[in-house]
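K.L.:
Next come the chains, spelled out residue by residue.
There are 2 protein chains.
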Amino acid sequence: MKNYSIARSRRLRSTPYTSRIEKQGVTAYTSYNHMLLPAAFGSLEDSYHHLKKNVQVWDVAGERQVEVSGKDSTKLVQLMTCRDLSKSKIGRCYYCPIIDDKAGLINDPVILKLADDRWWISIADSDVILFAKGLAIGKKFDVKIFEPNVDIFAVQGPKSFKLMEKIFGKKITEMKFFGFDYFEFSGSKHLIARSGWSKQGGYEIYVENTKSGLDLYDKLFEVGKEFDVKPGCPNLIERIESALLSYGNDMDNDDNPFECGLDKYVNLDSEVNFLGKEKLKEIKKTGISKKLMGVVIDAKEINVSKSMELINEKNLKIGELRSAVYSPHFKKVIGIAMLDKPYYEVSQGFKISINYSTFEGKVCDLPFI
Amino acid sequence: MKNYSIARSRRLRSTPYTSRIEKQGVTAYTSYNHMLLPAAFGSLEDSYHHLKKNVQVWDVAGERQVEVSGKDSTKLVQLMTCRDLSKSKIGRCYYCPIIDDKAGLINDPVILKLADDRWWISIADSDVILFAKGLAIGKKFDVKIFEPNVDIFAVQGPKSFKLMEKIFGKKITEMKFFGFDYFEFSGSKHLIARSGWSKQGGYEIYVENTKSGLDLYDKLFEVGKEFDVKPGCPNLIERIESALLSYGNDMDNDDNPFECGLDKYVNLDSEVNFLGKEKLKEIKKTGISKKLMGVVIDAKEINVSKSMELINEKNLKIGELRSAVYSPHFKKVIGIAMLDKPYYEVSQGFKISINYSTFEGKVCDLPFI
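Just so you know, the protein sequences line up as chains F and Y, in that order. Using the numbering used here, the first residue of the first sequence is number 1, and each one after it goes up by one. Using the numbering used here, the first residue of the second sequence is number 1, and each one after it goes up by one.
The reader is advised that the hints may include incorrect statements.
Copies of the same chain look alike in the list, so a pair counts if it fits in one copy or across any two.
[As the list claims (entries may be wrong)] Result set (DSBU-like, lysine-lysine): computed pairs, CA atoms no more than 30 Å apart in a straight line:
| id | residue 1 | residue 2 |
| --- | --- | --- |
| 1 | 211 | 317 |
| 2 | 140 | 277 |
| 3 | 341 | 211 |
| 4 | 189 | 306 |
| 5 | 351 | 211 |
To be clear, the hints were calculated from the coordinates, so they are not data collected in a lab.
Could you build all of it, start to finish, from the sequences and the hints given here?
P.N.:
Okay, here's the thing in structure tokens:
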């Protein structure tokens, strides 16, 4: 596939780390919340193997925060998600599907409870701030909503714990998964969460003081030499093998949480009030008509740039492929697809056309590994 | 400047025209409403000269539509814009700043009135659909809001009129600026507006029937040979010379319409109810504290990938550059900048650092040409 370059502008802006990753060998970008998100540092496969063995530092500043504070902040945040946050704790992260009144997904952020009346919604790629503002204006909520200057970078991989311990001491290794706390570095406090968009473990550093954050970024590469630290980015192979869903790729506003296998984040029996609750009850009763599943395809290469049709032996469309990549582990293409009822069963066969050739595939459960 | 490639996916998806423009020589993309928007076909300067003399066909499918219909649709659309739409007519396009309750800009779409209770908001790069949904839910408006399958391509340049006449006859040349009507091609009706994101004149075709739209796309290149038709895209040089503002580049949610020189689209004396009306009255009384102006810089090259500081002779920051390009017409860099009060005066001098060298510049009025 021919490469096309990405045009930069303020509208698709650089991050504080862009000049660093360009010296460090970034080769491709995508856009994420109107910002550059690195998509490759040379070979995807080399980066995948490295991530699973060592430690990487990722510029994920495109994961923007929507800060909601004020008297009605909890009411607004709860209104937007079908996950019950009534027992949520300060210092914890919560993966929360955000849905509209029709139960269509709008985003799938991690929400951080900073205080009883202050939240950060750490968003996937859609302008959640506009949804929050619209709701708050319409409901006359007493809240303040804005995008703070927070530029996240992540430290991911099995050796991330050893590396971070060298800088922040033992305490940082004792933090639980999806916990966060504040850690000092060169005179600044940084919010650091044990989280990140890989299944290899690690941290996300929510940098508010850019200068100190850049110093920390550099320090990680200095101290990390013994762990073979490298720059990296969310890895398509690793994230599909681990079935980390990507909003906009695997699911969008035409899908509801049940169709996407997010049942455990839907709390219909709770007392709390959220958009789409009645609609979700109705869907639960009548059942879903499509479902997100894994697929394995007997092919060596694929590039997904829009939905691709899955066809059965009668040449009927039975679903669409939304993300896929060649997996060196399975030695096949693996992907995430939305299958129509009744075809979302494990072992359902299908055909797919890739570059004008037809390949065979099978439906399977998620995650792959 | 080194080139970095753009990573494709369903989240930053292709348009129906992507495979065509890739055969036709597109070299760079940007993202626009989660879609690929072509940014260059080789030399920006060659494309600029060609656009000003001939005719080009542009894939601008990233200019998505937010369809608002139903009983309260007019109320909702009016609520979102400070432009008085009470006398708007079916068959007309309206350039409308969309603002929030603090008068901060959210988008600057062209709004098409399709019927008394049906509108298309043809958006710049932000998820206006989420703002509209939030407001409608909060206000309990009786409306239907969705993104229809509409993929615009534009025909731009002085010879666009002759070219379109060859296909659609004299009637299409009689349409007024910002008017639209339906025209038949190969069995389908296409909404065609006399509009487009250049000052060279032309049309935008709102394609709903993809197959017929692709046929029309191909037909334009077939018939257009005598006018030297070429593929193209919004041209950075042409659009800055003409001062066509770009949301996300030149202005964003921290700016209000008065600061951006959009005064004529602010109807404070009207009877209609819109967000931010009281705030705008207040701003009108107290005055603005910054203003969007043109700038001319004694330099031969520039790449803007985020805001760039403008400094005065006392080394104080007096504003920020938001878009800029080398203009072959002026033989200098020209740009659009937000200047702080009291520095937004014509002839105000400043210094700017480009690639670690300092250049001199001057503030001027918009547009340049």
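K.L.:
Indicate, hint by hint, whether the structure satisfies it.
P.N.:
The hints, checked one at a time:
1. 211 <-> 317: Answer is between: at 19 Å across copies they meet the 30 Å cutoff, but 53 Å inside does not.
2. 140 <-> 277: both (21 Å within a copy, 16 Å between copies)
3. 341 <-> 211: Close across copies (28 Å), not inside one copy (52 Å); limit 30 Å.
4. 189 <-> 306: Only across copies: residue 189 and residue 306 sit 26 Å apart there, 42 Å inside one copy, limit 30 Å.
5. 351 <-> 211: between (52 Å within a copy, 24 Å between copies)
Checked against the numbered hints given earlier, this structure breaks none of them.
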